[in-house]
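Asker: Make a model of the complete structure from these sequences and hints.
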Amino acid sequence: MRGFGIIMGFDGLGWLLHSFAGIPLPSHVLGLLLLAAALFTRVVKLEWVEESATFLTKHMMLFFVPLLAGVTAFAKVLGDSWLAAVVSLTAGTLVILLLTGLATQFIIANRRQEVPEVEQQSDR
Amino acid sequence: MNNNLIADPIFGTTLTIAAYGAALLLKRRWSWLHPLIAAPLLVYVVLQLGGISYTAYRVGGDMVTYFLGPATVAMAVPLYKHAMRLRRLLPSLLLGAFVGSFLGLLVNAGSVIIFGGTESFLHAALPKSVTTAVAIDLSRWLGGSPELTAALTVTTGLVGSVAGPPLLRLCGVTDKIAASIAIGAAAHGIGSAKLLSESEEQGGLSGFSMAACTVFTPVLLLPVHAWLL
Chain A
1 MRGFGIIMGF
11 DGLGWLLHSF
21 AGIPLPSHVL
31 GLLLLAAALF
41 TRVVKLEWVE
51 ESATFLTKHM
61 MLFFVPLLAG
71 VTAFAKVLGD
81 SWLAAVVSLT
91 AGTLVILLLT
101 GLATQFIIAN
111 RRQEVPEVEQ
121 QSDR
Chain B
125 MNNNLIADPI
135 FGTTLTIAAY
145 GAALLLKRRW
155 SWLHPLIAAP
165 LLVYVVLQLG
175 GISYTAYRVG
185 GDMVTYFLGP
195 ATVAMAVPLY
205 KHAMRLRRLL
215 PSLLLGAFVG
225 SFLGLLVNAG
235 SVIIFGGTES
245 FLHAALPKSV
255 TTAVAIDLSR
265 WLGGSPELTA
275 ALTVTTGLVG
285 SVAGPPLLRL
295 CGVTDKIAAS
305 IAIGAAAHGI
315 GSAKLLSESE
325 EQGGLSGFSM
335 AACTVFTPVL
345 LLPVHAWLL
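Heads up: the protein sequence lines correspond to chains A and B, in order. Numbering of the first sequence is given in this note's numbering, commencing with residue 1 and proceeding in unit increments. Numbering of the second sequence is given in this note's numbering, commencing with residue 125 and proceeding in unit increments.
Where hints are given, some of them may not hold.
Stated by the list, open to error - Here are the simulated BS3-like cross-link-like pairs (lysine-lysine), alpha carbons at most 25 Å apart as the crow flies: (1) B/K151 <-> A/K58; (2) B/K205 <-> B/K300; (3) B/K205 <-> A/K45; (4) B/K205 <-> A/K58; (5) A/K76 <-> A/K58.
To be verified - One side of the interface only, derived from the structure: several residues of chain B facing chain A at Cβ under 8 Å: (6) I141; (7) P164; (8) A195; (9) A198; (10) M199; (11) Y204; (12) T242; (13) S244; (14) F245; (15) T256; (16) D261; (17) E271; (18) T279; (19) V283; (20) V297.
FYI, nobody ran anything at the bench for these hints, they're computed from the structure. Remember, it's a predicted structure, so these values are computed and weren't measured experimentally. For each residue, glycine too, the CB sits at the ideal point set by N, CA and C.
Answerer: Listed below in structure tokens is the structure:
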């Protein structure tokens, strides 16, 4: 329960910063950034939140179900843009995948030349 | 059906959880049937059979969707855990995920604009390469429809998880690390789950890439959001 409380607290903090301090990022994303910062600076210990966070991310699929069930209510928007939808979902996704893969491969190869011991890390 | 029952939030929450549970059971029998297709379909069928409107179901459905917020915040934990494990390679991996986030937005915007998508479709489709919870949050923020974004994001993940690994191999991305980063950046959690079922290392790398993109993508979207308002 402590973990759940901490996560809800960061969610609330994100909401406050978004709604009242006017930080132009979505509130839950702000909560994510703040919790990540708190973990890296060890303000929040991993053990405090690990169990609750794992529970929430493990069952994340459940939380999308109502939205997905309602997509037919928005069929009109989809119908107007069906070609864009098909292209961006298939070709678009594959282009992103491939270019990211090639770029990352290039970045890693360059880094290995500079720091040879990185190679040994790759089997982890 | 009794209207009082449907108007109670317990109807929507129970139906959602039951459909999710049933979808998980169905997956054991037919492993290709993704729960994110089966569960919404089951809800939809029940609503159609009972003549219940989506608006009535939403009373309870919204209570389930509420937990997307805390679940989004909870993504900080896998981000931190993966980052600690991958310390040595971290700069390269972060750079790779950054490139992935940037390409994701660029290609999503480009393909929608070139192929004649409407503006409201663009707002819903722009964040579809990041993990669903964050994509929905970003879509709301840009003024898109969260329902549409959820459907587009899940489809993106399914396409990427099926076609991604063979495509990368075919096109010469032989480095397993690079391939995992690409799948995390382009096909978020669904792609990562597929990799995780094959190798824990690749699934972890892909999960890191997905989590890193949840930080980069909103920041990259800031100018877009400022321009929209």
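Asker: The structure should be examined with respect to each hint, and the outcome stated for every one.
Answerer: Cross-check of the supplied hints:
| no. | hint | result |
| --- | --- | --- |
| 1 | B/K151 <-> A/K58 | holds, 16 Å |
| 2 | B/K205 <-> B/K300 | holds, 20 Å |
| 3 | B/K205 <-> A/K45 | holds, 11 Å |
| 4 | B/K205 <-> A/K58 | holds, 15 Å |
| 5 | A/K76 <-> A/K58 | violated, 32 Å |
| 6 | I141 | holds, 7 Å |
| 7 | P164 | holds, 4 Å |
| 8 | A195 | holds, 4 Å |
| 9 | A198 | holds, 4 Å |
| 10 | M199 | holds, 5 Å |
| 11 | Y204 | holds, 4 Å |
| 12 | T242 | holds, 5 Å |
| 13 | S244 | holds, 5 Å |
| 14 | F245 | holds, 4 Å |
| 15 | T256 | holds, 5 Å |
| 16 | D261 | holds, 4 Å |
| 17 | E271 | holds, 5 Å |
| 18 | T279 | holds, 5 Å |
| 19 | V283 | holds, 5 Å |
| 20 | V297 | holds, 4 Å |
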